[in-house]
Amino acid sequence: MREVAGSERRSPAGDGQGPKANATGPWAEHLGPGATVIRFEINGAPQSVCAPPTRRLVDILREDLDLTGTKVGCDIGRCGACTVLMDGQPVNACLVMAYQAAGASVLTIEGLASAREGTEAVAGSLWLHPIQRAFLDAGGFQCGYCTPGMILASKALLDEHPQPTEEQVREALAGNLCRCTGYAGVWRAIELAAAWMGRSAP
Amino acid sequence: MGNEVTVRSDVASKLRGETRYVADIHLPGELYGGVVRSPHAHARIVKVDVEKARAIPGVQAVLTADDVPGGAYGPTQFKDWNILAKDRVLFVGDEVVAVAATSEAALRAALAAVEVTYELLPAVLQPEEALAPGAPVVHDEQPDNRPMHVQLERGDVDAAFAKAHIIRGGRYTTNRIYQGHLEPIGVLANWSEEEGLTIWAPSHIPYRARETYAAAFGLPEDKVRIVVPPIGGSFGAKYVLKAHVIAAALAMAAKQPVRMVFDRYEDMLTAHPRVPLTIDIRIAADAEGRFLGKDVVVWGDAGARVYWSPNVMATACTRPDSLYHFGAVRAEGHLCYTNHSPTTCMRGFGNAEMLFAVESVIDEIADGLGIDPVEIRLRNIVRRGEVTIHGYQLDSCELEACLRQAAELSGWARRQALPPNRGLGVALGNHVSGYRGIDSRFEGSTAVARLRDDGRVEIETGEIDLGQGMSATYAAIAARVLEISVDSVIVKSGDTARYPFGIGTLASRSTVMGGNAVKLAAEQLRQQLTVFAQGEYGADVELIGGVVQSGGAAHSLAEVAARYRSRYAGDTLEVRASYRPETDFPGKDFYGNPSPAYPFAAHVAEVEVDPETGRVRVVGYWAVHDAGVVLNRTAAIGQVVGGVAQGIGWATMEDLVVAEGQVKNLSLLDYRMPGASDIPPVSVSFVEVPDPHGPFGAKSVGEVAIDPAPAAVANAIANAIGARGRHLPLSPERVWRLLHAEEEQR
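Protein sequences appear in the order of chains A and B.
Per our numbering, the first sequence starts with residue 1, numbered consecutively.
Per our numbering, the second sequence starts with residue 203, numbered consecutively.
Since the hints were made in silico from the structure, they are not lab data.
Please note that the accuracy of each hint is not assured.
Claimed, not checked - Label-pair ranges, simulated between beta-carbon atoms:
| hint | chain 1 | residue 1 | chain 2 | residue 2 | range |
| --- | --- | --- | --- | --- | --- |
| 1 | A | Gly88 | B | Gln344 | 56 to 62 Å |
| 2 | B | Ser642 | A | Asp87 | 41 to 47 Å |
| 3 | B | Arg373 | A | Arg199 | 53 to 59 Å |
Cβ coordinates follow ideal geometry from the N, Cα and C atoms, glycine included.
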C-alpha cells in the first residue's frame, strides 16, 4: 500500500504526508517540535510514525519501530552499517530524514528473509534469503555488525546487476566498511549469491 | 542473555539482523548516561559546579569525584585508575563529571550546564620527553614517568657487534592505530542491593572486568556480574573500560539502570589506541648473512594510565627473538606516562610493531650483502624441536615450509624483473597460543559439558566469541570427541554469574586454551555417558553417530538423558574439566616457555607505487600459515584475510593524529580505514602439521595473521622505490618524499 508516489517524497516537508498532526500534550517533549505523522512502507507493510520531519530514519527504525537490525556505526554516512534500501536504492539511514522517507518503500534486514525472491532454510526454523545464505557459506561476516548493511548493499547490487563485474562489486561496496573480514568473504558471498540467484531466475 | 544460542542460529541471527548488541538491549526505567570530559591535556581542577546540572528536570544523578569511591584500582598490577578525576585531569577526554537523565535531551542539557574551572598545567606529550629531568609528572606515585623499564640481555651483544661484517638499523616509529570496531563502545548497568551490579558490557575478558570493577567499588566479586552481549568488533579495544565503571557508578547512585552508548566522535576521542612505539634498532650479521646480534631500545607511549601497554612493551622487546636466531639479544624498553589518552593493545600486541622494524632491517642487511631476502631468512629462522633464546619450546614449527611456499606462490623469482614502481616484500611472523604472563596467578581454561534433555550437548566456557568463530570451533571439537553432529552442540559463554571462569579472549588463546578444555570436558562426558549407558543397556554399548547402540537396539541421547534424570533425582549428566598447560611464567628475566604452541606465518606483499602522488596500492598478497591442524577453515581464512587487511590499513593509511594532546581526525571520514577496493585478493594457505599440545593439533591464528603484514608491505614499498620508509604509516606524502629524496617527515 503506497499512499504517496515515490517522486513526491523529495518535496518539502508537509507535502504529501497525509494529515498533519502537530504533537501536543505529554508526547510533545519526546517527539520534538513540529512532529508530524509520516507514512511509509516498511518491509512491505504500511507504517506510520509521529516524528519531527528531521528525525533520522535510522532512529525511527531502531527506536520507534524496534527494527534494531539497522546499525549505527559512524553517524556521518561513511561506514554503511545503517544501509537500508529506499525504493530499491541503498541509502545511509543516518543521513535520511523522516520527511525524505515519507511515501517511500523501505527494506531493512528484517524484511529480507521474507522478500519475494525465494528463501532457503537453515538452522531448523530459521529462514534466510539466498544472499544471507551466501554470506554464511562464504564467511562474509564475523562480528556481524556491518553485516545487515553489507547484505542490503549486496542486494541492491544484484537487483541492478544480477551478474556483476568486479568493478560493479567494488563500486557497490565502496560505502560499506568491514573491519573483520578484509572483504574477501563478502566478495565470495556476492559471487555465490549471483550464481544461485542466476540459476533460479525464471 | 549472553551468547545463549546454538552455533548455527547465532550466526543466522547476525545475517537476519536479529542479534542484539548492547545498544539494542533496553531495561525498563533505563536512564541515559554521559560524561563531562577534560578539554585539556593536563590541568588542575580548580572548581566543579554541578548545581545547575542537578536542577535540570529529568536529571537523576550527577556525580563528581567526591561522590564516588576514590581508591586507585586498575586491570593490571599497575593501579592508577580512578572513577572520576579529582584534582587533576591527565588527558583530553579524562572523565570529570558523570550524569544520568531520563532523556537524551535532559542529559545533553545537564552535561552542558556543568561548569568546570581549570588551571592549565604543562603537558608531556612525547615518551622521550617524559623521561627528561624536570618533565611534568603525570602520576605523583611515579615521579620518573616510567611505570615499566625493561632491561634484558642474552649473550654478549657488544662482542657480537664487534665481530660483525655488517650492521644495519636506525630509528623506526609505529603509529597510533584506532582499533576501528564498527560497533561503538557501549554499556548498560544496573544495581540492586540483593544482586549487586549487573553490567552488560561487550568485553572479551569479562572476568578481569569483574575483578577490576569490584575493586573500584569495594564490592566482593560475587556482587558484580558481567553479561557479555555479542561484540561488534574489538581487536583489543573492548577489554576493561572506564565507561563500564562510570555507568555502574551512575546506576548505583540513581538506583535505576543506566545505558551509555558512545557515538563515533566520543568513541574516537576516548579511544585507547595501539601503543605507539619509537624503536632504535641495530642488527649485526656475518658475511654470509647469519645474524650475530640484535640491539633495541624502545620507547612506548602509555598515555596517562596503564591499560595493557606493559604487556605490549614486553612483547615488543622479546617476541621476534623467538622467530630468528639473532645470536645475542639486548632490549631496553621505556614505557612512559604521557598526557595522552591511555593506549592499549590491538591485535599483534607489540610483536607486529617490532617485526616492522626487524623485518625492515633484515631486508637492509640482505641488500647490503647481495643476498636474496628469502634466502637470508632461511639462513636464520627457528625450526621445530628448538628451544629459542628466551626459552620458547617449539614442538611444532613449519616456518621454513611457509616461507618456501610463500615464495613459490607469489612468484618471488620475478622480483628481479618487476616493472618500475612495483615491488615485492616478504616478512615473517610468530605468536603464541595463550601467554602465561597475561595473569601472574594461573593459566588455562575450564569447560562444562552437559547432556541436555533433548539429547544435544551443551558446552559452557569462560572464553568469549568475538565473531572469530570460537563457538563453532568448540562445537567442532566437542562433536568430534563425542562423534555427534556439530549442530547437536550448543556453546554458551558470556555471563560471569553462570559460566566457568575464563581468562578471556586475548593473546590468541581461545583455540588452544578453551579448545583443550572443551576437548577434556567432552572426553569426560563421553566416558561418563558410556559408563551410565552400560549400566542401563549392557556392557556392549557404543556411542556411534549420536545414538547409543547396544545389542542391536539404538537409544537416542534424549532417551539416555531422560533415564539419567530418573535415576538421579532429576539431575543432569554434566562434567567440568580444566586444561592447565605446562608453561612457565616469564618473570623479570623473561625466560621460559610461556605458551603451549607457537603459530608461524610467512607473508609476501606486492605493491604498486604511483610516483606522481606517492600513493601505494597493494596489488597482490600471499599468506602462508602454520596454524597446526586447521579446525574451522572458513573462519581461519577469515582471520588471516582480516588480519592482512588491518595490516595494509596500518602500513599505508591509518593514523590517529594527535596534536597538543588533542586527536585531530575524530571521524571515520578523517580516519581512513581500508575499504573493499583497498584490499587485493589475498591468497591464504596452511601448512598443516599437528602440534602436540593443541586440540587435535590446532594452534592459534588470530594475531599471527597481522604480525608480518605491515613489514611485508613496507618491504615491498622499499623494493618498489629503492628507498626505505621507517615511519608508519607509509602515507602518500611520506612515500612521495622518499621518492623525491627529501628528508622524511616525522
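**Q.** Non-conforming hints, listed in increasing numerical order
**A.** 2
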